[in-house]
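Those sequence lines, one after another, are chains W, B, Y and A.
For the first sequence, our numbering assigns the number 1 to the initial residue and increments by one for each residue that follows.
For the second sequence, our numbering assigns the number 1 to the initial residue and increments by one for each residue that follows.
For the third sequence, our numbering assigns the number 1 to the initial residue and increments by one for each residue that follows.
For the fourth sequence, our numbering assigns the number 1 to the initial residue and increments by one for each residue that follows.
Don't take every hint at face value.
Below are the DSSO-like pairs computed for lysine-lysine, each with C-alpha atoms no more than 27 Å apart in a straight line [unchecked claim]: (1) W:LYS271 / Y:LYS147; (2) B:LYS278 / W:LYS249; (3) A:LYS271 / A:LYS185.
Which chain Y residues face chain B? A few, computed with CB under 8 Å, are given here [unchecked claim]: (4) VAL53; (5) ARG132; (6) ILE135; (7) PHE137; (8) HIS139; (9) ARG242.
Partial pick of chain B residues on the chain W-facing surface, computed with a CB cut under 10 Å [stated by the list, open to error]: (10) LEU40; (11) PHE46; (12) LEU155; (13) LYS185; (14) PHE194; (15) GLY211; (16) ILE231; (17) VAL236; (18) ARG242; (19) VAL280; (20) PHE282; (21) VAL284.
Don't read these hints as lab results, they were simulated from the structure.
In this text the structure is predicted, and so the values were computed from the model without any measurement.
Just so it is clear, CB atoms sit at the ideal spot from N, CA and C, and this is done for glycine as well.
Number of protein chains: 4
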Amino acid sequence: MSEIVFLIQSEDSKGLLAGISSFFYEQGFNILSCEQHTDLPTNRYFMRVALDVEDLSYSSEALERQFAELAEPLGLEWSVHYPNEVARVAVLVSKASHCLYDILAKQSEGVIECEIPLVISNHPDLESVAQRFDIPFRHLPVSRETKAEQEAEILNLLRENAIDLVVLARYMQILSPAFLRAFDKPIINIHHAFLPAFQGANPYRRAYDRGVKIIGATAHYVTEDLDEGPIIDQDVARVSHRCGPEDMKRMGRDVESVVLSRALKAHLERKVIVFANKTVVFSV
Amino acid sequence: MSEIVFLIQSEDSKGLLAGISSFFYEQGFNILSCEQHTDLPTNRYFMRVALDVEDLSYSSEALERQFAELAEPLGLEWSVHYPNEVARVAVLVSKASHCLYDILAKQSEGVIECEIPLVISNHPDLESVAQRFDIPFRHLPVSRETKAEQEAEILNLLRENAIDLVVLARYMQILSPAFLRAFDKPIINIHHAFLPAFQGANPYRRAYDRGVKIIGATAHYVTEDLDEGPIIDQDVARVSHRCGPEDMKRMGRDVESVVLSRALKAHLERKVIVFANKTVVFSV
Amino acid sequence: MSEIVFLIQSEDSKGLLAGISSFFYEQGFNILSCEQHTDLPTNRYFMRVALDVEDLSYSSEALERQFAELAEPLGLEWSVHYPNEVARVAVLVSKASHCLYDILAKQSEGVIECEIPLVISNHPDLESVAQRFDIPFRHLPVSRETKAEQEAEILNLLRENAIDLVVLARYMQILSPAFLRAFDKPIINIHHAFLPAFQGANPYRRAYDRGVKIIGATAHYVTEDLDEGPIIDQDVARVSHRCGPEDMKRMGRDVESVVLSRALKAHLERKVIVFANKTVVFSV
Amino acid sequence: MSEIVFLIQSEDSKGLLAGISSFFYEQGFNILSCEQHTDLPTNRYFMRVALDVEDLSYSSEALERQFAELAEPLGLEWSVHYPNEVARVAVLVSKASHCLYDILAKQSEGVIECEIPLVISNHPDLESVAQRFDIPFRHLPVSRETKAEQEAEILNLLRENAIDLVVLARYMQILSPAFLRAFDKPIINIHHAFLPAFQGANPYRRAYDRGVKIIGATAHYVTEDLDEGPIIDQDVARVSHRCGPEDMKRMGRDVESVVLSRALKAHLERKVIVFANKTVVFSV
């Protein structure tokens with residue numbers, strides 16, 4: 001990855017694509033890829049532009065200053081991301097190890113590009129998994145009484161470690177609105193159901209009780225409304241009457257792992273824009 | 001199909017398989033296929049046995065009498081189905097034609113084995129579709145005021161035509177509890193969402209608003225609780241931020257058609273047992 | 001659909017997106033959607049631009065003349081398609097009716113937008129299907145001896161009916177290279193296997209013999225190399241040891257129908273560009 | 001798992017199910033699950049019976065002796081597996097780590113029940129992965145000249161470690177016929193293509209060159225015919241024109257891991273019978 005990525009959104013109007021692409025052309029950039037989307041009901045325009053970093057002939061500050069001059073009159077909201085930025089990710093877990101294993105393996109193989117300086121859990125069980133990948137593990141137990149205190153400790157750890165993104169890899173606690181407001185950076189959760197079906201606790205048990213023939217998993221950004229944040233990715237697996245709740249849980253593991261790591265990868269590669277509690281997920 | 005099919009359920013106990021299979025062996029039958037399932041939480045045993053009709057050396061009444069003697073002490077609930085029984089199916093529709101086309105095409109090709117003597121709709125739009133397949137079409141418009149009357153007309157038509165099964169192929173009306181109790185035969189509905197997500201009206205609109213990445217369809221038996229009857233089959237299709245509600249509706253068509261015709265086929269081939277608001281769907 | 005669509009390809013170079021999008025902006029067009037792709041190994045650039053036809057303030061000839069002036073120095077290969085162009089499609093079949101039903105139903109519902117003035121078959125079986133949709137059916141039997149003659153008759157019919165596209169909807173004959181050269185317009189075929197597996201005859205039989213656990217279907221443009229033309233779409237269905245060749249054939253029907261109609265729809269909506277025996281299939 | 005599993009096959013004949021199930025009933029067993037399959041073209045009968053080990057009131061030798069008395073006159077081929085048997089599995093790898101990580105994580109979590117006393121590789125790269133799970137790693141480099149020698153070393157290690165099953169988890173070497181005959185126990189391979197498409201080397205490259213829209217992976221037993229052994233499981237992932245060979249390789253990783261571990265799990269749970277270069281894979 002040697003790409004500079006611009007993520008842009010604004011009200012839609014004639015000439016946005018021409019104006020923006022001409023700007024990059026005039027600045028000497030080769031556009032490696034460019035993808036647009038217009039949300040018709042809201043007349044909203046979304047754009048992801050990837051530039052060859054080799055074409056950057058001046059400072060990044062100068063690039064941003066120049067782009068700001070284009071962006072302001074057009075009313076563009078935008079962010080720019082450079083190839084040397086590597087996100088620092090904390091993974092929060094409880095007892096289930098499969099998503100943690102999948103993320104750590106993919107990170108160690110370079111498939112998911114980020115740093116993972118910290119695994120936090122409310123249970124001690126997965127310490128050995130973190131150790132296997134030489135990642136510091138912090139056990140912060142929590143009870144109803146100690147929740148505020150525990151979240152304060154988590155927050156401190158996230159700040160000390162300069163964490164950019166939190167991944168809830170089957171962390172079975174609900175983060176408080178106060179925590180979410182204090183952290184104020186993206187948090188990705190994997191819910192072990194096909195949202196909006198089976199929001200909340202025990203989705204496999206409830207899927208079994210309802211007699212569904214397909215189970216699913218949903219990766220979404222965490223908001224104050226439990227399981228109602230913007231969905232990044234979903235996938236499913238077929239089940240039958242033969243599957244009890246424990247079978248579903250076991251069969252759901254691979255779906256959960258795959259969906260969570262796909263969502264994490266899309267986020268880290270700057271392919272996701274959130275708007276109106278939904279996501280635009282670019283394919284290039 | 002030259003199979004005699006027994007569908008059996010009972011409390012689970014040792015020796016059921018031995019007892020039942022030995023009975024058929026002693027009566028001279030070759031067991032073409034046999035599938036069992038035990039639901040552990042309820043200790044319930046389910047079985048589907050397919051016999052070669054060529055091996056039936058006496059009358060079907062005698063077979064049933066003999067089997068009843070075995071079944072009574074074991075507490076078996078059972079039904080038997082002969083190859084010459086062809087179910088008579090009525091299809092209820094509104095304006096969307098895709099499920100109707102799919103069922104009529106598959107029936108005319110022999111993929112779905114049944115008779116379809118009747119298509120009923122609350123709108124006139126699909127009359128030409130039924131005519132294309134030479135099937136009588138009855139237009140029975142309905143309003144809040146005329147609902148009881150219209151349902152009485154439907155019921156009369158179902159009875160006059162000796163209908164065994166009703167298929168709601170995108171019939172956009174809710175059948176009243178009174179109707180369901182009066183008809184008292186199975187009704188299969190296709191819901192254009194991945195139940196239990198988006199029960200009720202406008203599921204594609206709500207799927208769009210929620211920003212899901214996968215849409216689905218669910219075929220289920222109709223009960224008095226709207227969209228909460230036993231699920232027979234489900235399937236899904238991937239969507240993206242590019243899909244508006246109309247795109248989802250269009251993309252959902254194939255999923256709806258396929259799921260409904262799979263469920264209908266399974267039902268007609270005597271592969272479905274309902275228990276505790278869920279289904280056992282045998283694979284052979 | 002009130003879109004003017006430009007399909008463009010050329011060698012990749014800096015400034016293509018800026019140049020082309022600026023051209024349309026200067027001509028007063030709102031770009032409804034725009035999608036690009038660069039094939040890195042061949043350094044080839046592909047683009048699909050959809051414009052609002054309401055913005056066309058002069059003649060289409062003038063638009064094309066102006067665009068040609070831009071295109072020539074840049075070395076663009078391009079075509080333009082207007083909303084009032086409706087493709088005329090001929091469907092060739094043999095005995096299997098499912099793909100024909102699916103296409104005719106979708107066309108009659110407006111899901112697939114084209115005219116279908118002609119169904120041709122080497123067997124009489126499907127005449128009633130065509131009649132159900134009031135489409136002329138021509139039975140042109142073929143044997144090894146009469147092949148050249150039969151193909152000449154087909155060619156005449158295609159020309160008389162001003163056919164733009166031929167769809168082989170389970171037409172079980174191989175069209176000769178001479179025919180393909182003489183017709184010289186696109187032909188889409190559905191192959192009942194997951195190409196390049198099981199090229200040629202009897203794919204379900206061979207899939208069964210090989211013991212595969214998944215079967216598939218492939219829609220592709222026809223070239224002189226049997227089953228080796230550019231693939232437009234593929235899909236699969238899960239099978240098991242329980243499925244004999246006839247079961248696979250039956251289960252494959254829905255996959256074949258869905259894949260063929262998706263490919264046909266993509267082609268008709270000007271979303272497909274062929275290059276190097278492969279396809280770029282745009283999503284918008 | 002506290003099940004005794006019988007895997008049985010024979011020529012099909014009337015009374016097999018009655019005879020076998022009655023035997024187990026008379027011996028006092030509760031049949032936990034029972035699944036049958038008849039392959040009609042070959043008239044072959046397959047059966048998997050799971051018994052509650054608690055019901056074993058005498059020695060396993062006695063059980064086998066008694067069953068042999070039933071089996072001999074009926075011509076049954078059979079094997080029996082007890083819950084205390086834990087298979088010893090060696091994993092062979094080269095440089096790609098994803099399948100190895102997946103197997104080791106699932107084994108350490110108890111999802112895949114076996115012992116893994118040994119990882120062997122022709123490259124040193126994955127030593128750290130094995131170490132993370134405290135599993136001995138042996139680096140046995142191989143060249144054309146040293147192949148016989150290296151395979152002899154592998155064979156020694158397999159024997160010293162009493163290995164029951166070898167898993168080729170992206171081991172990029174072809175095992176010689178001599179090795180296969182000498183080892184004479186099952187070997188499961190993951191091929192990174194949807195067999196029989198793209199047998200042999202570089203399947204992703206060739207899939208890219210062919211322009212397929214779906215890629216796949218195949219787990220199969222190894223035989224002397226490269227990539228032609230009995231298929232246990234397959235799965236696929238959708239790709240597009242945007243995917244180069246490296247993207248396909250990356251996207252194929254999850255499919256490979258999931259298919260291989262599903263196949264391994266089915267094998268270890270005694271759900272697979274091989275016959276006529278195909279597999280019967282029982283679902284219970």
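Hint by hint, here is what the structure shows:
1. W:LYS271 / Y:LYS147: violated (54 Å)
2. B:LYS278 / W:LYS249: holds (19 Å)
3. A:LYS271 / A:LYS185: holds (17 Å)
4. VAL53: Given a least distance of 19 Å, the restraint on VAL53 (chain Y) is violated.
5. ARG132: Since the shortest Cβ distance to chain B is 4 Å, the answer is holds.
6. ILE135: Where the cut-off is 8 Å and the nearest Cβ of chain B is about 11 Å from ILE135 (chain Y), the hint is violated.
7. PHE137: violated (14 Å)
8. HIS139: violated (19 Å)
9. ARG242: This hint holds: ARG242 (chain Y) lies near chain B, its Cβ roughly 6 Å from the closest one there, short of 8 Å.
10. LEU40: At 7 Å from the nearest chain W Cβ, LEU40 (chain B) passes the 10 Å test, so the hint holds.
11. PHE46: Holds, about 8 Å.
12. LEU155: With Cβ-Cβ at 28 Å, over 10 Å, it is violated.
13. LYS185: violated (21 Å)
14. PHE194: holds (6 Å)
15. GLY211: With a closest approach of 3 Å, the GLY211 (chain B) hint holds.
16. ILE231: At 5 Å from the nearest chain W Cβ, ILE231 (chain B) passes the 10 Å test, so the hint holds.
17. VAL236: VAL236 (chain B) check passes; min Cβ-Cβ to chain W is 5 Å, inside 10 Å.
18. ARG242: This interface hint holds because 6 Å falls under the 10 Å limit.
19. VAL280: Cβ of VAL280 (chain B) sits 5 Å from chain W, so the hint holds.
20. PHE282: holds (9 Å)
21. VAL284: violated (13 Å)
In summary, the structure is inconsistent with hints 1, 4, 6, 7, 8, 12, 13 and 21 from the numbered list given earlier, while agreeing with the others.
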